[in-house]
Amino acid sequence: MKIKKGFVLRTVCGENVIVGEGLDAINFGRMLSLNETAAFLWKKAMEYGDFTADSLADALCQEYDVDQAQALNDVKETLDNLTKLGVIE
Amino acid sequence: MREQYYFVAEHLFCVEADDGILAQMANYEPFRTEQSKDALFSLTVTDGGPVQYVEELSQDEEGQDIVCGHTEQGDAVFEFRFGGKTAGWLVCSAGYREGTLYLSGFQSKAAVDNALMIQFAMASATLNTVLFHAAAVILDGKGYMFLGKSGTGKSTHARLWLQNIPGTELMNDDNPAVRIKTDGTAVVYGTPWSGKTPCYRNICAPIGGIVLLSQAPYNKIVSLKGIGAYAAMVPSISGKRWDARIADGLHETENALATYIPVWHLDCLPDADAAHLCKQTIAL
Numbered sequence: 000m001k002i003k004k005g006f007v008l009r010t011v012c013g014e015n016v017i018v019g020e021g022l023d024a025i026n027f028g029r030m031l032s033l034n035e036t037a038a039f040l041w042k043k044a045m046e047y048g049d050f051t052a053d054s055l056a057d058a059l060c061q062e063y064d065v066d067q068a069q070a071l072n073d074v075k076e077t078l079d080n081l082t083k084l085g086v087i088e
Numbered sequence: 000m001r002e003q004y005y006f007v008a009e010h011l012f013c014v015e016a017d018d019g020i021l022a023q024m025a026n027y028e029p030f031r032t033e034q035s036k037d038a039l040f041s042l043t044v045t046d047g048g049p050v051q052y053v054e055e056l057s058q059d060e061e062g063q064d065i066v067c068g069h070t071e072q073g074d075a076v077f078e079f080r081f082g083g084k085t086a087g088w089l090v091c092s093a094g095y096r097e098g099t100l101y102l103s104g105f106q107s108k109a110a111v112d113n114a115l116m117i118q119f120a121m122a123s124a125t126l127n128t129v130l131f132h133a134a135a136v137i138l139d140g141k142g143y144m145f146l147g148k149s150g151t152g153k154s155t156h157a158r159l160w161l162q163n164i165p166g167t168e169l170m171n172d173d174n175p176a177v178r179i180k181t182d183g184t185a186v187v188y189g190t191p192w193s194g195k196t197p198c199y200r201n202i203c204a205p206i207g208g209i210v211l212l213s214q215a216p217y218n219k220i221v222s223l224k225g226i227g228a229y230a231a232m233v234p235s236i237s238g239k240r241w242d243a244r245i246a247d248g249l250h251e252t253e254n255a256l257a258t259y260i261p262v263w264h265l266d267c268l269p270d271a272d273a274a275h276l277c278k279q280t281i282a283l
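Top line first, the protein sequences correspond to chains A and B. Counting along the first sequence from 1, when you hit position 47 you're at 46 in numbering that gives the first Met the number 0, and nothing is skipped either side. Counting along the second sequence from 1, when you hit position 133 you're at 132 in numbering that gives the first Met the number 0, and nothing is skipped either side.
Treat the hints as calculated values from the structure; they're not laboratory data. The reader is advised that the hints may include incorrect statements.
The list that follows gives simulated cross-link-like pairs (lysine-lysine, DSSO-like), each with its CA atoms no further than 30 Å apart [stated by the list, open to error]: (1) K278/B - K148/B; (2) K83/A - K219/B; (3) K3/A - K219/B; (4) K3/A - K83/A; (5) K3/A - K42/A; (6) K148/B - K195/B; (7) K278/B - K224/B; (8) K224/B - K3/A; (9) K83/A - K84/B; (10) K108/B - K224/B; (11) K4/A - K224/B; (12) K278/B - K219/B; (13) K84/B - K141/B; (14) K219/B - K148/B; (15) K43/A - K224/B; (16) K148/B - K84/B; (17) K75/A - K42/A; (18) K148/B - K42/A; (19) K1/A - K42/A; (20) K148/B - K36/B; (21) K195/B - K219/B; (22) K141/B - K195/B; (23) K4/A - K148/B; (24) K4/A - K83/A.
Let the hints inform the model, and build the full structure from the sequences given.
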């Protein structure tokens with residue numbers, strides 16, 4: 000999977016927000032507020048370019064004290080939401 | 000061709016054009032200066048075009064189109080059309096510091112205004128400055144800005160303050176500039192661009208509040224914080240956000256405003272009560 004072109008993570012008044020700024024996302028018309036875990040996953044996804052639920056779950060396990068199965072569940076849920084919102088594909 | 004210098008929101012810029020064009024720039028007179036060192040940007044106005052470019056995005060607002068794109072060399076291009084007919088092409092290089100406007104001969108003055116607004120917004124974006132689409136009034140030494148989509152009644156609400164709140168003056172009716180100073184103060188400035196209202200005042204004031212307006216069958220005002228305050232402002236700020244350098248600059252200013260300036264949302268009727276409620280809430 001990958002992040003769709005034009006979406007950027009910004010810190011707004013201390014909170015993590017995804018905004019559409021690139022040409023392909025300029026008419027997105029809304030902002031998505033991310034919790035700390037989702038923001039961590041977004042940054043990892045940016046870093047990897049091409050990512051899978053497994054590669055992000057691995058990253059989550061390294062950063063936080065969670066077991067692999069739980070991490071994979073959380074990652075899949077977050078990716079499902081982001082897919083529905085149209086910011087990853 | 001002759002050069003003239005102008006100072007807007009404490010940014011210096013230069014316009015080089017023939018006397019016929021310069022003579023039409025009466026709205027810039029209050030901003031004219033003899034200073035000519037270290038200009039932020041310069042615009043050369045000449046006859047010419049069409050300019051060949053690849054289109055990136057077209058923005059349509061109130062019967063006028065601005066088409067953004069780039070030349071083969073990578074220079075940014077903005078084409079200005081009124082009622083479908085092209086007035087001119089602005090070609091920018093060196094990070095928007097150098098611009099040339101090629102006039103078609105149709106609506107020359109409007110093309111010069113558009114070109115200067117764009118170059119001003121782009122060149123100053125990385126210097127803690129943003130150009131708002133808003134009406135701004137001044138009361139007791141503080142500036143208050145009214146935002147909203149086209150047709151919401153920004154000018155109407157500003158006029159209601161002038162009619163009902165003694166001591167209120169109009170600062171700008173369409174495009175005030177805002178700058179975060181080095182000491183952190185946010186200041187709103189009058190500019191040579193004021194829409195249909197000829198209000199070209201070279202004055203400024205620290206910002207007392209920013210109000211997003213919506214039409215409603217009642218008057219009600221609520222405070223916006225954090226992301227809500229940020230989201231209220233972003234659509235009213237001019238910029239080319241798909242240029243990452245500009246987007247970063249605008250974000251920095253918008254984030255500072257959302258953090259330190261009181262932002263409000265006013266549901267309102269076009270009546271005196273709306274102005275009184277707004278004033279009593281935001282101007283203590």
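Check your understanding: Quick one, are K219/B and K148/B close enough, alpha carbons at most 30 Å?
Key -> 18 Å, holds
Review point. Given the proposed pairing of K84/B with K141/B, does the C-alpha separation stay at or below 30 Å?
Key: Measuring from Cα to Cα gives roughly 41 Å; hence the hint is violated.
Review point. Would the pair K278/B and K148/B pass a check requiring their Cα atoms to be no farther apart than 30 Å?
Key: At roughly 21 Å apart (the allowed maximum being 30 Å), K148/B and K278/B satisfy the hint.
Check your understanding: Given the hint that K224/B pairs with K3/A, does the C-alpha gap stay at or below 30 Å?
Key -> 29 Å, holds
Point to revise | Proposed proximity, K219/B with K278/B (alpha carbon, max 30 Å) | key: The hint holds at about 12 Å.
Exercise for review: For the pair we were handed, K108/B and K224/B, check the Cα-Cα distance against 30 Å.
Suggested key: This hinted pair is violated, its Cα atoms lying about 40 Å apart.
Review point. Between K3/A and K83/A, does the CA-CA distance stay at or below 30 Å?
Key: 12 Å, holds
Point to revise | Given hint K84/B paired with K83/A - CA-CA distance at most 30 Å | key: 41 Å, violated
**Study point:** K4/A paired with K148/B [C-alpha distance capped at 30 Å]
**Key:** 27 Å, holds
Review point. Regarding the pair K141/B and K195/B, is the alpha-carbon distance no greater than 30 Å?
Key: 24 Å, holds
Check your understanding: Are the Cα positions of K4/A and K83/A separated by 30 Å at most?
Key -> The given pair, whose Cα atoms are some 16 Å apart, holds under the 30 Å limit.
Point to revise | Given pair status - K84/B, K148/B, alpha carbons within 30 Å | key: 25 Å, holds
When each numbered hint is compared with the structure, violations occur for hints 2, 3, 9, 10, 13, 18 and 20.
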